[in-house]
Amino acid sequence: MRSRGRVPARENDPFGRHRQEVDLLNLQRQAPAHEQAGLGQGATESATVSKLVQETVARASPTAMQASAVAAVAAANMVQGLMPLNPMHVSMAAATHAAAVAAFGIIERLRRAERLSHSPAKTSRPGFPRPVIGALSENSKRIIGEHGVQRFEEFKRYHDGWDYGRGRALSPRSVAAFESFLRRVPELAAVEPSLFLTAEGNLQLGWEDEQGRVVEVDFLPNRIDYFIESSQEEGSSRLDALPQLIERIRPTIR
Amino acid sequence: MPRPRCPPEENVLRAIYTAHWDARKNRLSSSLFKGSGISVSRLAILGMIELFAIFHEELDSPPRNRFVVGGGEINIGRLQEIGRNYEPRPTELTVEEDPTERNPAHAEIPEDISKGLALVLIKALTLHRDPLAIEHNIPL
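Protein chains in written order, with the numbering used here: chain H, 1 to 254; chain A, 1001 to 1140.
Certain hints may be false.
Stated by the list, open to error - If you want the ones that stay clear, here's a sample from chain A, every Cβ over 12 Å from chain H, calculated:
#1 Pro1007
#2 Glu1009
#3 Gly1037
#4 Thr1094
#5 Ala1118
#6 Leu1125
As the list claims (entries may be wrong) - Think about it this way: if two alpha-carbon atoms lie no more than 27 Å apart in a straight line, the pair counts; the simulated DSSO-like pairs of lysine-lysine are:
#7 H:Lys141 x A:Lys1025
#8 H:Lys141 x H:Lys156
#9 A:Lys1123 x A:Lys1025
#10 A:Lys1025 x H:Lys156
None of these hints come from the bench; they were simulated from the model. Glycine residues also receive a C-beta, built at the ideal position from the N, C-alpha and C atoms.
So here's chain A without its partners, still in its complex pose:
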């Protein structure tokens, strides 16, 4: 059964890991969005603090690793517009609801995103520090 699509008015948050983010050199990797089945979380369902609590609970590797260091926010309509206008290969992007037991706000971008398009999406992100971190990892 097809999963319901999230409306373009909504904003989503993509968890940013140390794997994607070189804080010292201020660089983000295309792997943040490259590929298919990219996980995002709907800010219409849960707030930033709740989401980061879930990210740390679910996505950080125990016992002391802190891999999630921030989040990138983007409006779904804006994301779709960027995909459609990406000249080398226009891509129709969607965000599908995919709630999990622990994260009811979980959603996925099912389409295959190229490196080039991923980098354009990254430039459109509003970056957020981890509100639960003692030290802020993303220098904004």
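Excised from the complex, chain H in its bound form:
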């Protein structure tokens, strides 16, 4: 009969197998925030970094690692319907999350350290090519004009690591958010907005209102950030709240 949630004893490396399970779970948990923070394309880190992170977390906090391993087995069993939800396992899952957060910090520090070398070989990952970004829609081309289209094509040539390792390559999901926004604001063409690329690899539009005050809109993969200088309003909007955001921005379009 299969054991229900018990961690079997190991002779040499009691958490060896579970570390691998935790690794997978942590990577899955990290994926959305990882991408949101602009730390990489997709959830996949190189095997080397992943291994290094796991080893470092284990060294830094063996207790968290142990709790993570137990929680991973419990979670797997719960998913398979082999055991009911248990508050103790939930708290262990929280420890797993804490380990993931710690791992995150380490990845970021590794990336910062990587900047110092400025080696193109270290910033490119031939095993995981980005999706090819195609041409803009006719609507978007009309709004940003020929000059904007030229800039868009140039931004496609920016690689990961530009600006001393801080800059990311253009995000295809940012382009999708940009297109979606422009479909709803065709009148934006009147202000001849400028197209920019942010350090996070997102497209940005900038223009001035009637008083010459700056308006900026950044297109992130899962939200839109904006700044309206006249009201000093700086905020974010989810993509599903686009109509409300557009109503806020519309008065700045002459």
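Following the hints, position chain A against chain H.
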């Protein structure tokens, strides 16, 4: 170990990329200063021509892309004053030494800079053309 802070008397140069600068419409994006870990270079260590040579060597994407098109100069004391007086969210700014193998003048602004504050800093910049460019990209 904390990195040494650069004195307020020094001036720093921020590399300006085409990503930040729409030359035709004369607009700079807040992304030039927004966020944390903004790279700058200390003019007390290297001169403008040396720095642009490093920028092109290190920051332009081979083989023919010319992404760095200019530089924005600002005094560190002035930068700190602007941060402290930024009313929506006063921010204590510092510039920390962060020399690299190829750029001994490299430094960083570690604090998180908002879009609004970034735009105020941009207005305080003295813009420089790329002295090594055949065509000057920034119309001053």
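Going through the hints against the structure:
Remark: the non-interface label on proline 1007 of chain A is consistent with the geometry, its nearest Cβ contact in chain H lying 22 Å away (cut-off 12 Å). Look at glutamate 1009 of chain A: its CB is around 24 Å from the nearest CB on chain H, clear of 12 Å, so calling it non-interface holds up. For glycine 1037 of chain A, the shortest C-beta to C-beta distance to chain H comes to about 6 Å, within the 12 Å cut-off, and the non-interface label is violated. The non-interface label for threonine 1094 of chain A is consistent with chain H: the shortest C-beta to C-beta separation is roughly 17 Å, beyond 12 Å.
Chain H draws alanine 1118 of chain A into its interface by the beta-carbon criterion, the shortest separation being 9 Å against a cut-off of 12 Å. For leucine 1125 of chain A, the shortest C-beta to C-beta distance to chain H comes to about 15 Å, beyond the 12 Å cut-off, and the non-interface label holds. With a C-alpha separation of about 17 Å, the suggested pairing of lysine 141 of chain H with lysine 1025 of chain A holds against the 27 Å cut-off. Annotation: proposed proximity of lysine 141 of chain H to lysine 156 of chain H holds, straight-line Cα distance about 15 Å (limit 27 Å).
Pair hint lysine 1123 of chain A plus lysine 1025 of chain A holds up; C-alpha atoms about 16 Å apart against a cutoff of 27 Å. Proposed proximity of lysine 1025 of chain A and lysine 156 of chain H is supported: the alpha carbons are some 20 Å apart, at most 27 Å.
Of the numbered hints listed earlier, those contradicted by the structure are 3, 5.
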